[in-house]
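Listed below, chain by chain, are the residues.
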Amino acid sequence: MSHLLDVRLDNFEGPLDLLIHLIYKNELNIYDIPIAFIAGQFVDAVQEMEKMDIEIAAEFINMASYLIYLKSRMLLPKESLPLEELDPEEEKFILTQRLVEYSFYKDVAQKLRELENDSGKYLMRGSAIFIERESIQTEDPYRIANAFFCALEKDNEKPMKFEKDIVDVSDVIVKIKALVYEKQKLFWTDVVKTCASRREVVISFLSVLELMRLAIIRAMQAETFGEIVIEQIEQGAANG
Amino acid sequence: MDREKKIFFSSLFLAGEPLDNKFFRKILDPINLENRLLDYMEQFNGMSLGIKIRQVSGGFQMVTDKELFTELEPFFGEKTETLSRASLETAAIIAYKQPITRLEIDEIRGVNSSGTVRYLLDKNLVKVTGRKDVPGKPLLYSTTKFFLEYMGINDISELPTFREWQELKTK
Amino acid sequence: MDREKKIFFSSLFLAGEPLDNKFFRKILDPINLENRLLDYMEQFNGMSLGIKIRQVSGGFQMVTDKELFTELEPFFGEKTETLSRASLETAAIIAYKQPITRLEIDEIRGVNSSGTVRYLLDKNLVKVTGRKDVPGKPLLYSTTKFFLEYMGINDISELPTFREWQELKTK
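These protein sequence lines map, in sequence, to chains A, R and H. Using this note's numbering, the first residue of the first sequence is number 1, and each one after it goes up by one. Using this note's numbering, the first residue of the second sequence is number 1, and each one after it goes up by one. Using this note's numbering, the first residue of the third sequence is number 1, and each one after it goes up by one.
Treat the hints with care, as some may be off.
Stated by the list, open to error - Only pairs whose alpha carbons sit at most 25 angstroms apart, straight line, appear in this in silico PhoX-like list of lysine-lysine:
1) A:71 / A:92
2) R:5 / A:111
3) R:169 / A:25
4) R:123 / A:111
5) A:121 / A:106
6) H:5 / A:121
7) R:169 / R:97
8) R:5 / H:26
9) H:145 / R:26
10) R:127 / A:106
11) R:22 / R:145
12) H:5 / H:26
13) A:121 / R:145
14) A:106 / R:22
15) R:5 / A:106
16) R:26 / H:66
17) R:169 / A:121
18) R:26 / A:111
19) H:52 / R:66
20) R:66 / H:66
No lab work stands behind these hints, which were simulated from the structure alone. Note that this is a predicted model, so its numbers are computed, not measured.
Chain A on its own, in the form it takes in the complex (with noise of 0.2 angstroms):
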């Protein structure tokens, strides 16, 4: 008896799955079990795993019960069954469908298991590779090439200077205090020569106007349309 299971209960996914295998290792007709049969070999089993103590689970019990149950009511007169309860021949019936059923489902995960295996082996990538847009569309060695020789060449020409467009008024006046200081005296003329654009030359003559009001410089016109002279005031000598 303790032979009786060659496998562990614990190697059964449920009491369907220890059915079958009752089944076939008797080789019985599940279209036609034997419930007497079934239901002793079944409770044996169970048995044994007391005995070996594994934890039975409660769907093992419920089965080995129903399968005395089953096999009682079988063996008494059909006369005898309370009208409302289902005739044992029905019941037999109803469990050898679950039994071809659930045993379609342990044939079809047998399908999956080699399904499995049989894909595992096709390799595959596991992401996407994305077309890199620069070295498709641009980058090739001539564009190298061509910068750096680019960038040789250009070494000969005088950089470009890129003067900031919005003119500064507090800029422009430390630039003339600067020319200021540094010759004393000079002509309007040479301010203008240090102006990138019209603008700055505006933005100039409100500067002078503006050192004037200070009284850090002065400025002369000895004639109509004649030269500005522009110097600095002494400091101290301011007010003189």
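Got chain A; can you put chains R and H on it based on the hints?
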């Protein structure tokens, strides 16, 4: 058209994952497209390059030939555990009976399946697809597109039917 | 050998990125291997599949055919900016003059290049390869293996010479 064929091959090369017909209808002339794609697939596979195009989960995917598995596996194989018997059984039931509730799965298996269903959900092999209109409104489960890809099949209908199985059994 | 060819193709497919000769020597018979690989590459490219094998920085890479760029780009185009003129110029100077210090680059360009050099380092197009034995011991920069791959060349010597560039320019 030759250019179309090249786009088909190169898209599959870049994607790695399966690309479905919807994708190709966007990028190629949709009229009678599927037949042409099947033709291209056959041409490609006929060249025996070690790379194959397979039909899977309702689309096409570029994969390596399985006969090269032993050589390529050490370098490119991912170590993934296979599914347990309980998971396979549960997945099988969901595949055939979808959408199905957990209780209905339990009835067929004769055991509680909540653990395995959760595992399959985690693995993206099954998904929740609604609730059944019965008391308690239990969740309904179906298999995913990834399930098909994982099993390497194009459609659930590729699995044997109950009738086919019975005929085999009674022989 | 046919199987070797298949392994070559399928490895390149799985990797997606370049595989160097060292890799193939591990997986295939190393004797006279490179000649055979070149031969396989030619065979593959001769089939005009829309997928090509190209030689790159001491190895091979499977890529899509350039001519399919417009069709594939909307779906598989990488979302990156192209190199700016400043970066391209700086990369070019480093490529031709390597190893070179930042100051030397600045002198050629006439502007400060610290920003673009940092950008190229980030993009893995250039790398630090030592220090120059002059006062201040400034860092020396060279182009990377990725730079070669990016330009689609095997070796820096494949860049056009001044004479070649002039000829190209005047055409």
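We went through each hint and held it up to the structure:
no.: 1; hint: A:71 / A:92; verdict: 10 angstroms, holds
no.: 2; hint: R:5 / A:111; verdict: 34 angstroms, violated
no.: 3; hint: R:169 / A:25; verdict: 16 angstroms, holds
no.: 4; hint: R:123 / A:111; verdict: 19 angstroms, holds
no.: 5; hint: A:121 / A:106; verdict: 23 angstroms, holds
no.: 6; hint: H:5 / A:121; verdict: 19 angstroms, holds
no.: 7; hint: R:169 / R:97; verdict: 21 angstroms, holds
no.: 8; hint: R:5 / H:26; verdict: 34 angstroms, violated
no.: 9; hint: H:145 / R:26; verdict: 37 angstroms, violated
no.: 10; hint: R:127 / A:106; verdict: 22 angstroms, holds
no.: 11; hint: R:22 / R:145; verdict: 14 angstroms, holds
no.: 12; hint: H:5 / H:26; verdict: 15 angstroms, holds
no.: 13; hint: A:121 / R:145; verdict: 19 angstroms, holds
no.: 14; hint: A:106 / R:22; verdict: 35 angstroms, violated
no.: 15; hint: R:5 / A:106; verdict: 42 angstroms, violated
no.: 16; hint: R:26 / H:66; verdict: 20 angstroms, holds
no.: 17; hint: R:169 / A:121; verdict: 29 angstroms, violated
no.: 18; hint: R:26 / A:111; verdict: 36 angstroms, violated
no.: 19; hint: H:52 / R:66; verdict: 22 angstroms, holds
no.: 20; hint: R:66 / H:66; verdict: 30 angstroms, violated
When each numbered hint is compared with the structure, violations occur for hints 2, 8, 9, 14, 15, 17, 18, 20.
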